[in-house]
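K.L.:
Residue numbers (our numbering), protein chains in the order written: chain A, 1 to 159; chain B, 1001 to 1191.
Just so you know, these hints were derived from the structure itself, not from any lab. Glycine residues also receive a C-beta, built at the ideal position from the N, C-alpha and C atoms. Honestly, I wouldn't trust all of these hints.
[What the hints assert, rightly or not] Cross-link-like lysine to aspartate or glutamate pairs, in silico, EDC-like; alpha carbons within 16 Å at most: (1) Lys20/A with Glu4/A; (2) Lys1060/B with Asp1132/B; (3) Lys1139/B with Asp1165/B; (4) Lys1060/B with Glu66/A; (5) Lys22/A with Glu1187/B; (6) Lys1060/B with Asp1165/B.
[As the list claims (entries may be wrong)] Only some residues are given here: those of chain B computed to face chain A with a beta carbon under 7 Å: (7) Ala1117; (8) Arg1121; (9) Ile1157.
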Amino acid sequence: MTVEPFFIWLEASPLGVFMKDKPATFASVEAVHLLALALLGGAVLATDLRLLGVTMRDVSIATVAEGTYKWFKYALIVLLVTGFMMLAGVATKCYGNPYYWTKMIALAIGIVFAVAIKQPLLRREPEKLSAWTLRLVGVASFSLWFLVAASGRWIGFSG
Amino acid sequence: MVDRMFVDFGRWLAGTSWSTGLHESFYMFNWLESTHVLTLMLSLGMLFIIDLRMVGLAFKNTPASQLASRLDMPMNIGFGIMIVTGILLFTAIPDRYTQSVWFRLKLILLVLAFINALVFRRHMNASVSTWDKDPVPPKRTRIAGATSLALWTLIVICGRFIAYDWYDCGKTENSDFINWAAGCTAEQMSP
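Just chain B, with the same shape it has in the complex (with noise of 0.2 Å):
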């Protein structure tokens, strides 16, 4: 039943003038899809230079929370920029990504990894001073730094992953589990 309202509003979202307009442009689609991933290199940029930096491995001699808040702006500015045109480019072809398993996992993951970020950040917030100086900070924040690393290293891949067709709602060699998890309905299940 949830499969079928996904289904249904990823149609009705697709057949929308603005998202078929924005479908077929050319110029408008790119650069849309540019900027998403031109953007990386601002909002996870900075996140992976403070993550390096939680994780022991860089700006040793800097204070943890000092670097954090001052790269913590540019990163946030370069997170809204990945949202806006992230939720942007979903509008385009609402139908294949509400059905798509890559985009499910990337939306599953992003939201892990917020709250990954905030549990730390309060936990940082709290037991800073006893570690701030420390060219490699205690257990816990490493173990969220890693954390960190690793959920936003497989929401770049599942980001990547999603423009293939490979699991996509219809084919043949789909396993069960896949068709569940895209939530294809009966009818795309069989053709």
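Bound-form chain A, shown alone (with noise of 0.2 Å):
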């Protein structure tokens, strides 16, 4: 059982005629995507480098958790949004694009990551975590996000 009936589907589907009729229509979608990329890359990193104690080490763990959090849900949001759009544009072609299942197995275990272990552990008295179960914490999360950005430009260059 495979998938790819589903991408045939998607790309025939309303949307997917929606966003090959127009150039302007996807580069639009597109550019909405980078700009949400560069909000979770925000969200992700003041955490991250927190963790490694590279920025704002006057303000706690705890603090710049819970405030960029918010933000990473929305950019993330936004972003599913965006890329399912562009995938109705190009699902037959992704599906057989190796990066674009790179990117797609990345960002599952980014979600996952990021949502069942990363935020939980610095919600709950990140004080009392070893620096470097927190270094690799943040070594992780940026590590996977970089590798979802990485994946998803290679899409465009190996369609």
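Using the supplied hints, reconstruct the complex from the two chains, each of which is provided in its own coordinate frame.
P.N.:
Here's what the structure looks like:
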């Protein structure tokens, strides 16, 4: 059982047709995707740089984590919506593109890591965690999202 | 006359072995462009957090000047990378970029964003002690923050649109305004 029928259906759907109709449509959706990428990057990096002790050392980890989480979620929602829209325009091509699948897997891991591991960990007394745990979480988080962004960019070069 | 200067400069630079090499490379150009786009997460990411504080939407319990001064360094490192990669990207296809309305608009907006930031930072340094701890800063600060967010949104959009050829010189459907804005020369407009 493959998911290929879904991709074929999506590209032929009204959303797919809409996204393919004018180049300006896809380009505009992609520009919004990029803006949300910048916001997600800011939210993730602000926390990860704090965990690594590089910046905002005089602000508590809990404050930084809490302050950025809301924006991380907003950015992620915009990214998922615009990403889905773009997928509809080029679905069958993405299906056959290994970089697309790399991105999707990294994205899934990234979301699970952020929501189920990093945020709960940092919400509950991060001062009690060892410095190395905090650094590891920061590096893991940043690496995952960098992989998502980089493989996303490479989809564009390999279509 | 200025249009001729831009065209001549773009064509001269495009003819150099540096530019040709970069333009024809597969990996070098793409790595450069990828770095430029991905570094947005650092430069613009930090800027968004700072501006969101300035419009009173984020980190309301952290003093504004503290947030700004802590995030300035990573932000500026990011901008340094953006400027270097940006200039290098320009040298790859200069004849295209000098006559791209999107590229020209992007540069103008970058200058405006920079001026906005300078004016705001000067104002902030002078007045911040009065509103530093306010969760929602005063109106002038909020306007500066919102202006910054709006300008950078437009900058990213223009940056993305540079790649498209909708308004390239030589297109018959170009309006007079577009031909003027792009600096199209007479030879380009009448093939």
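K.L.:
So, for every hint listed, does it hold in this structure?
P.N.:
Hint check results:
| no. | hint | result |
| --- | --- | --- |
| 1 | Lys20/A with Glu4/A | violated (19 Å) |
| 2 | Lys1060/B with Asp1132/B | holds (10 Å) |
| 3 | Lys1139/B with Asp1165/B | violated (41 Å) |
| 4 | Lys1060/B with Glu66/A | holds (11 Å) |
| 5 | Lys22/A with Glu1187/B | violated (29 Å) |
| 6 | Lys1060/B with Asp1165/B | violated (44 Å) |
| 7 | Ala1117 | violated (16 Å) |
| 8 | Arg1121 | violated (18 Å) |
| 9 | Ile1157 | holds (4 Å) |
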